[in-house]
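Starting from the known structure of chain A, arrange chains B and C on it as the hints suggest.
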Amino acid sequence: MSTLTGASAADELPGPDGKRPLEGDRASTGRLGDRLFGGAATLSGVIVIAIVSLIAVFLIVQAVPALMDNDANFFTSRVWAPGGEQPAFGILEFLWTTISASTIAMFIAVPVGVAVALFLTQYAPTWMRKPAAGLVDLLAAVPSIVYGLWGLVTFGPFFKPVQAWMEGALGWFPLFSSTGISGGTIFFIGIVLSIMVLPIVTALSREVFDQTPVTHKEGALALGATQWEMIRTAVLPFGRPGVISAAMLALGRALGETIAVTFLVSALSDGTAWTWSLFNGGETFASKIANNAAEFSNPSKTGAYIAAGLVLFLLTFVVNSIARVVIERRKAFTE
Amino acid sequence: MAKRIDITDLNVYYGSFKAVEGVSMTVEPRSVTAFIGPSGCGKSTFLRTLNRMHEVIPGGRVEGKVMLDDQDLYATGMDPVTVRRTVGMVFQRPNPFPTMSIYDNVAAGLRLNGVKNKKTLDGIVETSLKGANLWTEVKDRLGKPGAGLSGGQQQRLCIARAIAVQPQVLLMDEPCSALDPISTLAIEDLVNELKSEYTIVIVTHNMQQAARVSDRTAFFNLKATGEPGRLIEIDDTTRIFNNPTQQATEDYISGRFG
Amino acid sequence: MSIATDRRPDDAIVPDDAVTPPGGRPGRDALAEMRSPHRARAVKDVVARIVMWGAFALAMVPLVWILWTVIGKGAHMLTTATWWTGNQRNINSDDFGGGARHAIEGTLEMVGLTALIAVPIGILTAVYLVEYGRGRLAKAISFTVDILSGVPSIVAALFIYAVWVTTLGIGRSGFAASLALVLLMIPVVVRSTEEMLKLVPNELREASYALGVPKWVTVVKVVLRTAFSGIVTGVLLGIARVMGETAPLLILAPYTKNFQRDLFSGNFPTLPMMINQDRGDFALETAAERMWGAALTLIILVLLLNLIGRVIAHYGSVKK
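Chains as they are written, first to last, in our numbering: chain A, 1 to 335; chain B, 1 to 258; chain C, 1 to 320.
One chain only, chain A, in its complex shape (with noise of 0.2 Å):
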């Protein structure tokens, strides 16, 4: 398993005496000791469901009364003023804001995240393998809170020109049009996501890459394919639904992430026009919902922000879910 990703694609392959783990037997009795134990174990797990449960009880009972009193439309307005005695919002610009910047960390991760797996897993000499495969790994372990500081005050400064290049050279098409916002678009924080969520890419592509069964590379090798080749018609192939389920995981980090989000943000005035450039700024549900912590003063203006948290749940939610039965149908293939 990958320790970053927390979910594997190895998870109920048999091992490696072709039997399952033991499950469900009847080795336990009526013991005091495999009672407790057992009832532990059994207690640990519906502690789990729970939490999960009341975690999305919670939001939703807290999250109702502020959407009742709610003078805007929750998902089609783009103001956002919860306080008062006329509150109103709409996530509008975070739900853009959020999956547009997710989107561009999808399109630079998954490509450079599964080509460093192929690099880990085909091309890179065999002593070179771990100390390599650690170093992308480490990318995982630098603190978010830091990417959040490294963006801020090096790599922003440094994308600056990169991206009025970009303006300039294609702001004739509408998502690179200019609007004035130099520093914090959503084109920026989708390229430090990408970089933050590229190691989960990697690492469980890597895996399903080592998995390919050696006979199908034997296989393509044998008719005289070269390396890319093989690794188009075998490799590829075999660990697609991995790479598939490592983006949906990925994304779901990118989704949700929050502190290096919320240093790099350039928040929008009220009233500032829509636009669909990626060179604008806007906040994330995420950076939203921390950079107003402070603000958690009476019941409905939290439970805006509890909406908006909803909202982002169950998006991770659905994209987990979707990581999930893609993993449960490839094993399902598998065996």
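These are calculated hints, taken from the structure and not from any lab test.
What you are looking at is a predicted structure, and each value in this text was computed from that prediction instead of being measured.
Backbone N, C-alpha and C define an ideal beta-carbon position, used for all residues, glycine too.
One or more hints might be untrue.
To be verified - Negatives, chain C to chain A, calculated, CB over 12 Å: (1) L63; (2) G74; (3) F175; (4) E245; (5) F259; (6) R261.
To be verified - Derived coverage of chain B by chain C (criterion: at least 3 residues anywhere in the stretch with Cβ under 8 Å from a Cβ of chain C; other residues may be distant): (7) 105-114; (8) 160-173; (9) 186-199.
Unchecked claim - Some, not all, of what chain B presents toward chain C, calculated at C-beta under 8 Å: (10) G15; (11) T82; (12) R85; (13) T99; (14) G226.
Relative to the frame of chain A, chains B and C by itself:
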């Protein structure tokens, strides 16, 4: 020490699959009984029912009766853990606990069941290792990992571990199939010595081995794949190998199938 | 002849079906053609090779860049003695120096408490999934662990806020932040432990059962014992993971510049919040130095845990 096992009309199931059907036999104390038969005939499965080890596989259950002298192993209220302390088992592949030293491996059964007295343990470890013909080879390195021994030594270590809990019966599930000929010979000699104290049941694929070590031999067979295994016949080993009553036994012995 | 054909300069423009030899011994050229891939295929192969190496190099750029920045700007702070002994009391953004001991202690204490709660739940849940679980409950638990591992830290923090502050009416505190971190740590511990337990061969369980050892003793003394080093590694990586989490602290544990050991009341010092504090004035040299110093300290702690974890995994693993 040794006890007789009486089996009456035993069926073994895994879930809805009937693996073994209608076995009745008596296993004599202080003797070696060998189970032979083609792969998949249920001899190992049947062996595991003699100490209720089949129950650790999901869905494993039996119908019928297994008596150890006058104790019914499947009586309600009979604790499978107690059964396994009385009926020890040695597996196909040597499986010493990898985190434990040689000493700790032999003492494991007692320690895990709460025996702490150092003197008692020392004594039992020494007798068990002597009983398994391993003492002279390892007495100077009892603190070394058990996994560092050769395959044959590991298997004798597992036998020492099994007899350390002082069982009545010793079940051996193809104990030599992963060993080289010299180690095999050492185990066979050991089996010969142990039978003066224990009831031994050994499953083997090797007919020469059955002929060499056992006093009685049981032949198991199955009609076809997917059918349950059955006991074809059990008799003195010399009878089985020279003059079996069943045609199937003779075919198997003479190498016509299997 | 065939070797010469390989080096033919116009090889690249010879189409696949044009391999009929000019005469002499037919078949030799066709064979040579097959032995060395057609030039276009070979070029693709080389390009792919370069792309893969390039991707790896590209991935290393931010790593080196980040470490370079943090060490370059923060190392200086760590060489002052007060950094390891003092706190930030009465030190304004434009004052130089001060210590980080309060934040280091706070962070360690907070993740220590987090681990104390998350590790037993995580390990026992993994034990359930591998050793006991079967059927619907196990599936449901496994699914919720996946969901929990996907919960963003900000959502975990909001949930604890909704329970702890809004519903129970207890104020923000270090302990509330610990609870949020527990939610983030449990799935890491469950998954890594689960993986390690699955690596324990069934033969060892059977050997133990066959000695008449009850199941729970088998699980505790044989299975968990055999998987021990792997589990420790997973726990350390889990701690490293939550140590750098900032969002829950932002929502639940306001920062203090003082020494504060009490997790249960009032503000609480942690390294991420110390970074966050100085981030506001990072244009000031004095604040920036502190910020990078705290970031470097945090990275060192996290990498140290990772390193210890990997060393244990390497040397503690059972040799077969």
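Now the hints, each set against the structure:
In this structure L63 (chain C) is not separated from chain A by more than 12 Å, as the shortest Cβ-Cβ distance comes to only about 5 Å. For G74 (chain C), the non-interface assignment is contradicted: its Cβ lies about 10 Å from the closest Cβ of chain A, within the 12 Å cut-off. With 12 Å as the threshold on Cβ separation, the claim that F175 (chain C) sits away from chain A holds: the shortest Cβ distance comes to roughly 17 Å. Non-interface status of E245 (chain C) relative to chain A is broken: a Cβ of that chain comes within 12 Å, the nearest being about 8 Å off.
Every beta carbon of chain A lies more than 12 Å from that of F259 (chain C), the smallest distance being close to 22 Å; the non-interface claim holds. Non-interface status of R261 (chain C) relative to chain A is upheld: no Cβ of that chain comes within 12 Å, the nearest being about 23 Å off. With 4 residues having a beta carbon nearer than 8 Å to a beta carbon of chain C, the segment 105-114 of chain B meets the requirement of three or more and the stated coverage holds. Residue count for the segment 160-173 of chain B with a Cβ under 8 Å from a Cβ of chain C: 3. That meets the three needed, and the coverage hint holds.
Counting residues of the segment 186-199 of chain B whose beta carbon lies closer than 8 Å to any beta carbon of chain C gives 0, which falls short of the minimum of three for the stated coverage. Interface restraint check for G15 (chain B): the shortest CB-CB distance to chain C comes to about 12 Å, outside 8 Å, so the restraint is violated. Proximity of T82 (chain B) to chain C holds as hinted, the smallest CB-CB distance being about 7 Å (cut-off 8 Å). With its C-beta approaching chain C no nearer than about 3 Å, R85 (chain B) sits inside the 8 Å limit, and its interface hint holds.
For T99 (chain B), the shortest C-beta to C-beta distance to chain C is roughly 5 Å, which falls under 8 Å, so the interface hint holds. The criterion of a C-beta within 8 Å of any C-beta in chain C is not met by G226 (chain B), whose closest approach is roughly 25 Å, and the hint is violated.
In summary, the structure is inconsistent with hints 1, 2, 4, 9, 10, 14 from the numbered list given earlier, while agreeing with the others.
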